[in-house]
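*Asks:* Assemble chain B onto chain A, guided by the hints.
There are 2 protein chains.
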Amino acid sequence: MTYAIGIDIGGTNTDMGLVREDGKIIARANIPTNAYTELQPYIKDIMGSIAKLMKDNGINVIEGIGIGAPNGNFYTGCVDNAPNLTIKGVLNFEEEIHKYMQVPVVLSNDANAAAYGELIYGGAKGLQHFIMFTLGTGVGSGVVVDGKLVHGSTGAAGELGHAILIPEGRQCSCGRKGCLETYTSARGIVQTFCELRKETPGYSGELKDVADKDITSKMIGDAANRGDAVALKTYEKTGYWLGIAVANSVTFSAPEAIFLMGGPTKVGEPLLKPLRESFKKHLLNIYEGSCDIRMSELNANEVAILGAAALIKMK
Amino acid sequence: MTYAIGIDIGGTNTDMGLVREDGKIIARANIPTNAYTELQPYIKDIMGSIAKLMKDNGINVIEGIGIGAPNGNFYTGCVDNAPNLTIKGVLNFEEEIHKYMQVPVVLSNDANAAAYGELIYGGAKGLQHFIMFTLGTGVGSGVVVDGKLVHGSTGAAGELGHAILIPEGRQCSCGRKGCLETYTSARGIVQTFCELRKETPGYSGELKDVADKDITSKMIGDAANRGDAVALKTYEKTGYWLGIAVANSVTFSAPEAIFLMGGPTKVGEPLLKPLRESFKKHLLNIYEGSCDIRMSELNANEVAILGAAALIKMK
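The listed protein sequences derive, respectively, from chains A and B.
Position 45, counted from 1, in the first sequence is what numbering that gives the first Met the number 0 calls 44; the numbers after and before it change by one each time, with no gaps.
Position 260, counted from 1, in the second sequence is what numbering that gives the first Met the number 0 calls 259; the numbers after and before it change by one each time, with no gaps.
Rather than coming from a laboratory, the hints here were simulated on the basis of the structure.
No incorrect hints appear here.
Since the list gives no way to pick one copy over another, a pair counts as held whenever it fits inside one copy or between any two copies.
Below, in silico cross-link-like pairs of lysine-lysine (BS3-like), each with a Cα-Cα straight-line distance of 30 Å or less:
(1) Lys-87 with Lys-279
(2) Lys-176 with Lys-232
(3) Lys-87 with Lys-280
(4) Lys-280 with Lys-176
(5) Lys-272 with Lys-236
(6) Lys-314 with Lys-124
(7) Lys-280 with Lys-217
(8) Lys-197 with Lys-217
(9) Lys-265 with Lys-212
(10) Lys-43 with Lys-54
(11) Lys-212 with Lys-232
(12) Lys-207 with Lys-232
(13) Lys-147 with Lys-23
(14) Lys-236 with Lys-197
(15) Lys-124 with Lys-147
(16) Lys-265 with Lys-124
(17) Lys-280 with Lys-236
The shape of chain A in the complex, shown without the other chains (with noise of 0.2 Å):
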């Protein structure tokens, strides 16, 4: 057996594990990344926490270390500029990484990570096209041609969750209008619903005293499998949205599968029933019956740590 380190950096955390090469995680490490605004303490930090978890489990020789982050470049092993990072700039983690341990280091944004640990440990494994569609706070995609991530030209491809849903539609962080996040991401349900609510002046469902600013995505989730109106036609409206990007993401790289990951995903059939009816409804004709949407098979607090150790696999 092999291992591998595979790290995950969050704005508030950074999880770091060990991991075989069969995908089960032997041990995991944190350290806060916003105690650190200098990379060099940071790392040193990184490294000793490495260092322990080898030790303690008897490992010396690891195959490699990935590392899943906002805004990490699999060409350059640089963070470039990452807004929500304490430690500002340009990072170069694999020269520093390099400084104590001559292992390959490869990093990648965190859902091209996911999209990759889905592919070598997952339920991608085998397939040569597939898509990955990440929910969450934002919405952030990994697309795999001929059984490889597509990186693009800078790095940066898989942004699907910015490509544009509805020209001219709601305001997105990008400072753009009408991306798919805007619709399909916790923010963007959580604004459906209050949406809905408005309209719904007769509302009396068990979100009726809850503020606009206090909703999270996870509520109107429950509420909809408690057969709350409102919530029920939010998860419509947003399986019907999410359907028409994964049938426009099928038009790319006719893939063999869709995947999808995130907290809001985890809602279940509110969420996927328009899901796959609007996939249906939109898919062009030619790729009927060879392409499906799947739900990750990968258990949620593992995928970042596997996704950033299965990139080791690209070297």
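*Replies:* Chain B only, in chain A's frame:
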């Protein structure tokens, strides 16, 4: 110098060319596609034409035969139920051709062939990531990732003309609504012009006496270049729509360039100016400066044969 045969199969004509490896078409021939209802006699006459092309030019050896055809399938070497051909069914070109000549035979659809022609012989030489949009009666596309044409799981990747631009928008010939093709194909441009003319009661431009059914995108383009206000407005809208689609396509593969070709692009600035503005407005900021819009560098009357011949380079 090596040579290849490129064949462009249209509903009316089948054009063949003997292509030198530097992209020069040495000689051409053609037969009427719609004179045939069976594959065997059709292939017999194609192979007769090819034998003559080779003999007349003193060529004894060719690298292979590349074919651009509606519904041409790269994986199977077949044309699959092309609606506009008089020869019906699944047509195994590769098998039939091999009865005459044991050379590589590669099929793909016309837009994929055009993209590959641009890569091998045209303005995309040396690029690793680009997307070709072909505007004509419909809108086709071809996607190149890591220097390779994307075929996808079925061979039918790259149908961006049928990505939905406006949900529940214009009726498309594919049966769905709002496809890019309904807005930016020659037919889409005519529809936009006719709609705008109707909304402009005092229209006294040069097309005022031409009935809707007689208007072509070429007429509208000429009128636009002579300052016709409704024609100019038509291209403003067309450029706006195409700019969104092009910007959306960048989120997929982060290409170095988008190429355009086809009759409707020949109008020039009336289309290109609003297109560039819309592209700039709708491009996600992380791609700024990394991707631009270019015109195909291949001659319009050569691209189909060059693209088909280029396909051989994939073998």
